[in-house]
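A.B. asks: The lines below spell out each chain.
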Amino acid sequence: MTTNDNILALKHITKRFSGVLALDDVSLELRRGEIHALVGENGAGKSTLIKVITGAHLPTFGEWTFDDKEMTNNSPAISKAAGIGVIYQELNLMPQLTVRENIFYGKEIKKGIFLDEKNMYRDCLKMIDDLGVSVDPNALVRDLSIAEQQVVEIVKAISEDIKFLIMDEPTAPLTNTEIDKLFSVVEKLRAKGITILYISHRLEEIFRISDRVTVLRDGRHVITMNTADTDRPMLIKHMVGREIGQEYPKRTTPIGPPVLEVEGYTNAAIHDCSLTLHKGEILGLAGLVGAGRTEFARGIFGADPISRGTMRLNGEIVEIRTPKDAIRHRIGLITEDRKSQGLLINKGIDFNVVYASLKSVSRAGFVQKKKEAATVSRFSEAMHIKAHSSAQLAKTLSGGNQQKVVLAKWLATQCDILIFDEPTRGIDVGAKREIYQLMRDLVSEGKSILMISSEMPELIGMSDRILVMRKGAITGMLSSEDVKQESILELATE
Amino acid sequence: MDTAVKVKKQKSISKYAIYIVLLALTAFFSIVAEGFFTTTNFFNILRQVAVYGIPAVGMTMVIITGGIDISVGSMMGAASVGCASLMVAGLNPILAMLIVLIVGLIVGLLNGFFTYEVGIPPMIVTLAAMSILRGLAYIISGGLPVYGFPASFTALGQGYLGPIPIPVIIMAICFAVGYITLEKTSFGRYVYGIGSNREASRLSGVSVRKVMYSVYGLCGMLAALAGMVLLSRVNSGQPKAGEMYEMDIITAVVLGGVSTTGGEGKITRVIAGLLVMGVLLNGMILMNIPDYYQRVVKGAVLLLAISADMMSQKRLSKKI
Numbered sequence: 185m186t187t188n189d190n191i192l193a194l195k196h197i198t199k200r201f202s203g204v205l206a207l208d209d210v211s212l213e214l215r216r217g218e219i220h221a222l223v224g225e226n227g228a229g230k231s232t233l234i235k236v237i238t239g240a241h242l243p244t245f246g247e248w249t250f251d252d253k254e255m256t257n258n259s260p261a262i263s264k265a266a267g268i269g270v271i272y273q274e275l276n277l278m279p280q281l282t283v284r285e286n287i288f289y290g291k292e293i294k295k296g297i298f299l300d301e302k303n304m305y306r307d308c309l310k311m312i313d314d315l316g317v318s319v320d321p322n323a324l325v326r327d328l329s330i331a332e333q334q335v336v337e338i339v340k341a342i343s344e345d346i347k348f349l350i351m352d353e354p355t356a357p358l359t360n361t362e363i364d365k366l367f368s369v370v371e372k373l374r375a376k377g378i379t380i381l382y383i384s385h386r387l388e389e390i391f392r393i394s395d396r397v398t399v400l401r402d403g404r405h406v407i408t409m410n411t412a413d414t415d416r417p418m419l420i421k422h423m424v425g426r427e428i429g430q431e432y433p434k435r436t437t438p439i440g441p442p443v444l445e446v447e448g449y450t451n452a453a454i455h456d457c458s459l460t461l462h463k464g465e466i467l468g469l470a471g472l473v474g475a476g477r478t479e480f481a482r483g484i485f486g487a488d489p490i491s492r493g494t495m496r497l498n499g500e501i502v503e504i505r506t507p508k509d510a511i512r513h514r515i516g517l518i519t520e521d522r523k524s525q526g527l528l529i530n531k532g533i534d535f536n537v538v539y540a541s542l543k544s545v546s547r548a549g550f551v552q553k554k555k556e557a558a559t560v561s562r563f564s565e566a567m568h569i570k571a572h573s574s575a576q577l578a579k580t581l582s583g584g585n586q587q588k589v590v591l592a593k594w595l596a597t598q599c600d601i602l603i604f605d606e607p608t609r610g611i612d613v614g615a616k617r618e619i620y621q622l623m624r625d626l627v628s629e630g631k632s633i634l635m636i637s638s639e640m641p642e643l644i645g646m647s648d649r650i651l652v653m654r655k656g657a658i659t660g661m662l663s664s665e666d667v668k669q670e671s672i673l674e675l676a677t678e
Numbered sequence: 020m021d022t023a024v025k026v027k028k029q030k031s032i033s034k035y036a037i038y039i040v041l042l043a044l045t046a047f048f049s050i051v052a053e054g055f056f057t058t059t060n061f062f063n064i065l066r067q068v069a070v071y072g073i074p075a076v077g078m079t080m081v082i083i084t085g086g087i088d089i090s091v092g093s094m095m096g097a098a099s100v101g102c103a104s105l106m107v108a109g110l111n112p113i114l115a116m117l118i119v120l121i122v123g124l125i126v127g128l129l130n131g132f133f134t135y136e137v138g139i140p141p142m143i144v145t146l147a148a149m150s151i152l153r154g155l156a157y158i159i160s161g162g163l164p165v166y167g168f169p170a171s172f173t174a175l176g177q178g179y180l181g182p183i184p185i186p187v188i189i190m191a192i193c194f195a196v197g198y199i200t201l202e203k204t205s206f207g208r209y210v211y212g213i214g215s216n217r218e219a220s221r222l223s224g225v226s227v228r229k230v231m232y233s234v235y236g237l238c239g240m241l242a243a244l245a246g247m248v249l250l251s252r253v254n255s256g257q258p259k260a261g262e263m264y265e266m267d268i269i270t271a272v273v274l275g276g277v278s279t280t281g282g283e284g285k286i287t288r289v290i291a292g293l294l295v296m297g298v299l300l301n302g303m304i305l306m307n308i309p310d311y312y313q314r315v316v317k318g319a320v321l322l323l324a325i326s327a328d329m330m331s332q333k334r335l336s337k338k339i
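Chains A and B supply the protein sequences, listed in that same order.
Take any residue in the first sequence, count from 1 to its spot, add 184: that is its number in this note's numbering.
Take any residue in the second sequence, count from 1 to its spot, add 19: that is its number in this note's numbering.
If you're looking for bench data, these hints aren't it; they were derived computationally from the structure.
Wrong hints could be hidden among the right ones.
[Unchecked claim] For the chain A half of the interface with chain B, some residues (derived, Cβ under 8 Å), not all of them: (1) 508; (2) 527; (3) 539; (4) 550; (5) 551; (6) 649.
Positions of the beta carbon are idealized from the N, C-alpha and C atoms, including for glycine.
Only chain B is shown next, with the shape it has when bound in the complex (with noise of 0.2 Å):
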């Protein structure tokens, strides 16, 4: 009883820690970074944080099975000038994006392909993936930026609905969507439960091939769509578009609280992680601190993160 209580103590805490670093990093930067604090750049926060925020609820579902996807990043930068070429040819807006949807979709199932079928760690498979996809970025757009598309496109990253940013209600319906699968839906349990132990889960009945492949598909998927988000924003297709986004991506994952090794994490949590990097990074622009010194903070918070991660369930095993 005991421990059980303690444990439940040291959980609590655990829960909360990263609210705590958000306030204190808010707390910190509206007070060293000269106009942090103000609506129009938290507005500019959010709008930032979206073109991580979309990938991230499809990986956490991958981390939460016990997997990782790193070839996002390089997925938005081909479906940045995949969606971008589509349209300079003449394509419809609405026709290209859903043609890359698709695309992204079909990425992702053959990483789960690759992952499931033929038992490659996931980690080596989006690895390959990483470098397949980016080259792709660059033969599609021969190296150059890719522009000249009709101006309507821009809503998707630029446009407003009222005073919030059409990029952050496109992630707020991803979040909304993620929860309810993760938290309401038998699929949801078998996410988890895969993620805790995919031979029970096996044994148990649940199509471990169906999870898969789901998780992995809408991984690619809303990469592809973060990549277009992040194109009409920026209002070019650039080959070198979300280059380095997986590791953001995964950071702000971990930073919520989702165990690298399967099975745990709240997706509510995630969006403080996810805000927590969106701060950070901010910030540090707002600080005029170089990219260089940036990465390097970067890479020491998603260390920092995934020890937390490992010393608390060090530290559980311990007690039990």
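Bound conformation, chain A alone (with noise of 0.2 Å):
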């Protein structure tokens, strides 16, 4: 073949937000026709990357090949008409049409001016039949099950002629029988010739179906090998390389006895979940995304109703059903999402600081301005926020600023307890190391802090114990002296 036998190739591929480096110079090149794996922590720059061969992101710099095109100029659309197709984990179905009518929505056949319903019918079966699964191409997608609903976005990307198919985590809604019958689909897909960049947590499933595997690392390609030239302590070790520094302040006081102690959650995302945090302690809550973390911090908040398990706090059992009633026996929780959940984000600095302790701030329900006034400053200087005036609209700030903004509201209810959820996703290096700072400040002032993550070094550099979660249970529990990346990721992954 005298045609280049890649069929996409970066070169010195760079993005940069805001002066964060997304990517840092990665070169990549996939052969025609392989399913190549992508693997690397949480922020490794693989969404990024995805967006850059989508369309979504320019890169800063470097330059880059589809099928012997340049592609430096890309956008959404001429990735689509070069054939590049995408499956997202969030699927991009309208759940009220038709398989049929998804598949061809946009690009109906017609007759005349009317749809041609016989042709499409019998395109649409021809397609699935193809790939050797069965679904009703009348069926509304509503009544699919999720890996059915998958094979109808597989579809509707091959009617679209394309080449080239990212596949972005498609396994992580699915059960194990669905994961075969997709894998036999993507099977048939590379038969076909369509090249797959495949990306996936799951370990076990790369050395199952991928021809060859590329780790990132903090936004830089580390190593492009044959999947079966590697094995699975070798990968993980190039996911997470780094070494763990002096970035995390150390521990200044002793722990305590047990404050909390959690038996039994279970709801229908958590299934029978314990732990017992002590005073002074942060314990670190891993596992990948979707494993449970975040509900399991709502159930303890009262967030979300728990349908089994009792709460003890300080020995005693208490009953959580609401936010306030956590609350109310001193228990907070910094949310993973700011603005949908942690902020007013048209409200100003003062509105939100003082927002969830405006009981402390008032008298028979009138809030004393001066008080008020005290609080406000005394907690967003403890936090250094940085605003033109304390009526400044939360919207106006940055990311690492509103997450000060949502930390300050949290201090201002005096709650002995805390629960973080991400507390550093999307901030810049330095207001990281202001929060890991005050999260020891809190522990050394006797607080307890319960602090989920997906960035393994700031869970094992900040955590005295970490608990791993998986599919909605927990896998198991290191202690600060035993534990090491790998034996998180063994735990979290299957």
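Grab the two chains, each in its own frame, and use the hints to assemble them into the complex.
C.D. replies: Spelled out as structure tokens, the structure:
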């Protein structure tokens, strides 16, 4: 063959977001017809890379080619026309329409001005049959299982004559038998000559299906190997890579007796989850996205109902049904999603900071202006919030400052137990350090912290012990002495 | 910094816009409408406005939480014939009023129940309530006016305290209480907070349920009160009373700068919004503009007011 063996060639791709390097000089070549796995921790740059390829982002530097065409001025439309398809973890189908209507949406076959239902049905059925699956083209998408919906997405992609398909965590919502089916579909795609970029946290899948594997870490290309030439421990080493340095302030006070004991918490998302948190301790909660960590935290905080389980605070059984109960018992939750769950984005810093502790600055329901102002300035200053006035709207602040406003709000409640869900997500390095220091200061004052994080170094650097969750259940507990990133990943993945 | 200053400037312009409109309208009608610019007429306007103004306080709170209550007009009708029937049946006027106020509160709480617990959009809940209450008003009255109650009852709608009509005093009290509640209490903060971000409010320990029930309950109760003021003014219980009033009330609140997307709005400016509506209606009546045309004008005003709100929001979010 004289044409290039590589369908996709990335050369020195760099992507910078306001000072943060999401991709740092990544070069990568994908061979025609291979299944190429892409792995890395959260934040390694996988999704940015996908977005560059699909045209959602333009690279800051670097160039790339697809199917021998220069793609430097890529856009979603150009990438689609060139034959690049994507299956995201969240499916993009219209649930009220049928399978056939979804597949032909925007490219309906017509006879004159009327829809040619017969031909569309026939074409649709043929494409589905070709993949060796059975889905009724006339079924409503909302009546299908997630796995079947995924097949519809794949058929929709194939119907566009794609040459290259990106699959982003396609197996996350699937059961084991559904995964087997999906893999046979993927192999049929490869047999059709379609190149696949396969992204998954589940390493065993990568060994099962991929021809080659590329590891990204901190936005950099670490290595590309033949899957057959590597094994799981080696892959994990490449993913983790870095030394965990002195980025994290050290503990200065001893750990006290248990303050929070949760036993057997169960609801739709979690199963029989227990934990014990001590006074002055930082307990880490590790796991992959979707493992049930946030759901467990929300259960403890009363944000979601619990069907079974007990909670003891300082040895006494308490019942927490609502966030209000939790705050009364001095438990606070700093949510993962600041904008939709943490902040009143259209309100000022002052409004936000005092919002959860209005009771303590009110008398008989009336807000005491002086007390309020004192609380706002005390906790805004404690958090070093940078703003030109305390009335500045939360939406005008940077991510780091927004997070500080949320933290100030929770400090003002004087909670003894604080749950941090991804406390440093989307925050620059400087603000991260401030937040680590704050967490250390809080435990030194005798407060206790439960920290959920997907950033392994942060989890290992800050936590005294680490609980690991997978599929809604606790799968292990590691103490700070014997914790290694590898052992967390072992417990978190299947 | 620069954008913040610009935003501030824009905000202050839109802050005064409603007062400018009020002055302009007053000047316009003073010139074109005979008998407009007189003390008697000004008190007249205030007295007319009072019937809208009383429920507008509840409506303001409901809209700030991000909701709406379009059943207030029907509530006024039901309260009007309800109170009239109770008095005709021989009940003491004070007792009759108390009963109607409690029923108004319960109806409002039911609106809150279906909105909060069942999760139906408030527009739909109160649309249903609007039809039910109007139907009940006709059922209670048998479709006919109800009249013949103690002369003392007319004081509520027709009486004066010194030079000031009693309805105006009632409205002023409602606004004072509304102002203090929204501006000075933690409850008021929660009203704004829930409208701004309901989930974040819940996760901050706010009892969203309590606030939602309270604002809808208050809105229902104030609508019942307004219905009785109207009853006293016309001195007969009309099943049609308060028809389409929800429209004027919502228009006044939105004119006053309360955002229909929730979380924003000052009750002091709602007073200006009410006066704009009052001046407009009064002026049109004095100019002998037929009711049909008035409706067209009112609808146009509502659309304009909401457009202004939406556009200023868009502009603000673009600037930022």
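A.B. asks: Which numbered hints turn out to be false for this structure?
C.D. replies: 6
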